[in-house]
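*Asks:* Just so you know, the sequences run in chain order A and B. Each residue of the first sequence is one higher than the last, beginning at 218 in our numbering. Each residue of the second sequence is one higher than the last, beginning at 218 in our numbering.
Simulated from the structure, these hints should not be mistaken for lab results. Relax, there's no trap hidden among the hints.
The list makes no distinction among identical chains, and a pair is therefore deemed to hold if it is satisfied within one copy or across any two copies.
No farther apart than 30 Å at their CA atoms in a straight line, the calculated lysine-lysine pairs in the DSSO-like style are these: (1) 299 with 312; (2) 299 with 243; (3) 260 with 311; (4) 265 with 246; (5) 356 with 266.
Number of protein chains: 2
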Amino acid sequence: MDNELQLYTYFRSSASWRVRICLNLKKLKYKSNYVNLLKQEQKSEEYKKINPNQVVPTLKLPDGQILSQSIAILEYLEEKFKLEYQLLPDDAIKKAQIRSVVQLIASDIHPIQNLRVLKEVGEDKKAEWAKKWITDGFKTLEILLKETAGKYCFGDQISFADIVLVPQVYNAIRWKVDMSEFPIIVRVEKNLSLLDEFVNAHPDNQGDCPPS
Amino acid sequence: MDNELQLYTYFRSSASWRVRICLNLKKLKYKSNYVNLLKQEQKSEEYKKINPNQVVPTLKLPDGQILSQSIAILEYLEEKFKLEYQLLPDDAIKKAQIRSVVQLIASDIHPIQNLRVLKEVGEDKKAEWAKKWITDGFKTLEILLKETAGKYCFGDQISFADIVLVPQVYNAIRWKVDMSEFPIIVRVEKNLSLLDEFVNAHPDNQGDCPPS
Numbered sequence: 218m219d220n221e222l223q224l225y226t227y228f229r230s231s232a233s234w235r236v237r238i239c240l241n242l243k244k245l246k247y248k249s250n251y252v253n254l255l256k257q258e259q260k261s262e263e264y265k266k267i268n269p270n271q272v273v274p275t276l277k278l279p280d281g282q283i284l285s286q287s288i289a290i291l292e293y294l295e296e297k298f299k300l301e302y303q304l305l306p307d308d309a310i311k312k313a314q315i316r317s318v319v320q321l322i323a324s325d326i327h328p329i330q331n332l333r334v335l336k337e338v339g340e341d342k343k344a345e346w347a348k349k350w351i352t353d354g355f356k357t358l359e360i361l362l363k364e365t366a367g368k369y370c371f372g373d374q375i376s377f378a379d380i381v382l383v384p385q386v387y388n389a390i391r392w393k394v395d396m397s398e399f400p401i402i403v404r405v406e407k408n409l410s411l412l413d414e415f416v417n418a419h420p421d422n423q424g425d426c427p428p429s
Numbered sequence: 218m219d220n221e222l223q224l225y226t227y228f229r230s231s232a233s234w235r236v237r238i239c240l241n242l243k244k245l246k247y248k249s250n251y252v253n254l255l256k257q258e259q260k261s262e263e264y265k266k267i268n269p270n271q272v273v274p275t276l277k278l279p280d281g282q283i284l285s286q287s288i289a290i291l292e293y294l295e296e297k298f299k300l301e302y303q304l305l306p307d308d309a310i311k312k313a314q315i316r317s318v319v320q321l322i323a324s325d326i327h328p329i330q331n332l333r334v335l336k337e338v339g340e341d342k343k344a345e346w347a348k349k350w351i352t353d354g355f356k357t358l359e360i361l362l363k364e365t366a367g368k369y370c371f372g373d374q375i376s377f378a379d380i381v382l383v384p385q386v387y388n389a390i391r392w393k394v395d396m397s398e399f400p401i402i403v404r405v406e407k408n409l410s411l412l413d414e415f416v417n418a419h420p421d422n423q424g425d426c427p428p429s
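Bound-form chain A, shown alone (with noise of 0.2 Å):
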C-alpha cells in the first residue's frame, strides 16, 4: 500500500514495455520493480506470490490491487484514465480492428518466440524459429496496415496497435527479420521511436539495463 502504482518489470520484456509505453502516454507516475528474468528471478516464492504466471508485468495499483498480462492492464489503464490520453477510439469498428493488430502480434506473433519458448526449442534451431514467426507474422501485418496506416498503425492517432508494435520490431531486428520487405511497418516504427513517451520506455532507458 504505497499509495503509488509499481510495476514489475524488465527491461527487455516486451510485455513490460507495453505498459511502460502506455503508462507514459497516459502521464502516470510510477514505481519500477525490477525482476531480472535472467537470473529467474521471476520464479521466487515472493513473486510468484505476486504473479502465479511468473512472468513480467505485473502492476499493483495504489490500493494493492494486482493486475497481470499486458494486454488486460492496457485495456483497464485505457477505462479508467481514458481522458489522459484515449488509446482506443469511440467506434466499435475502429476499435475491433485495432485489437484485431494487437492480438496479431500479441497472441499469433509474439507469444511464439518469446524467450521461455526458445528456450524449449533449443540454441541451434532458436534463430531461424524466432525469425520465420516474426517474419509471417509481419506479412499479414503489412497488408492490414496498408489501408489503414497514417503516421501511426491508425491514421495520426497512436492507439495500443502502436505501443504492440514498437517491441515486436526490437525483436525482429534483434532476430534479423528482413525489415525491408515491411515499408509501412518500418516507417511507423520509425514515427513512433521519435516520440518521448516512446524513448522513455524503450529497454536502453530502464534502470536495470546494463551498462553497455
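Fit chain B to the given chain A structure using the hints.
*Replies:* Relative to the frame of chain A, chain B by itself:
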C-alpha cells in the same frame, strides 16, 4: 451484403469455437461459412482477401464489414450486444481479472500448441510439446481460479473467461494432459458443457464435422 452475420469457421478451431459460444449466448443468428483447414482452404486467394492472416474465425457483419481475431470479435460483440447477454462485468478490476485469464489462455497457452506451430515442432515431438505448454498454463490457471471460481470461472456468472476455457480443455484432453491435477478447471468445464449455448458450439455439432 446478405443482411446477416456470417462466420467463417472450422469445426475444430478453438478460436472459431470461442466466437460460436459468444454468438449463441447473445442469441445472435449467423450463417456458417466452412473453411476446411485440413484442405488448406484458408490459403485460397478468395479467403486471403477476406482474412489476410489466413486463419479462422472471420466475422462478416451484415453491412459487409469484416472482423478478425477471436478476442477482438468477442470485445466487439460485447460492446454492441451487451444487453443481450453481458459477458464482462461493469467493475474495471473484475474486468481486468477476466481479461487476464483470457490472455493467459489466448496468448500464453493456445498459440504455442496451435496446429501451425505443432507442424513446425514435428511429428515425433508434437504430443509432448503440446502437453507441456497446456500443463504449464493450467497450473497457473488453477491457482487463479481458486480465488475466483464458483459454478463458472468467475462466480456464477458466465464471462469471456469461460468462453476461452472450454476449447482449451478440449485441447488438453486431446493431448492427454493429466486433468486430475486441475480439479477446479475440470469442475467449471463440466458445468459449462451442460449448457445449450456451449453444446451447440461444440465441434461435434458443427455442419462441417465429418460423421464419426
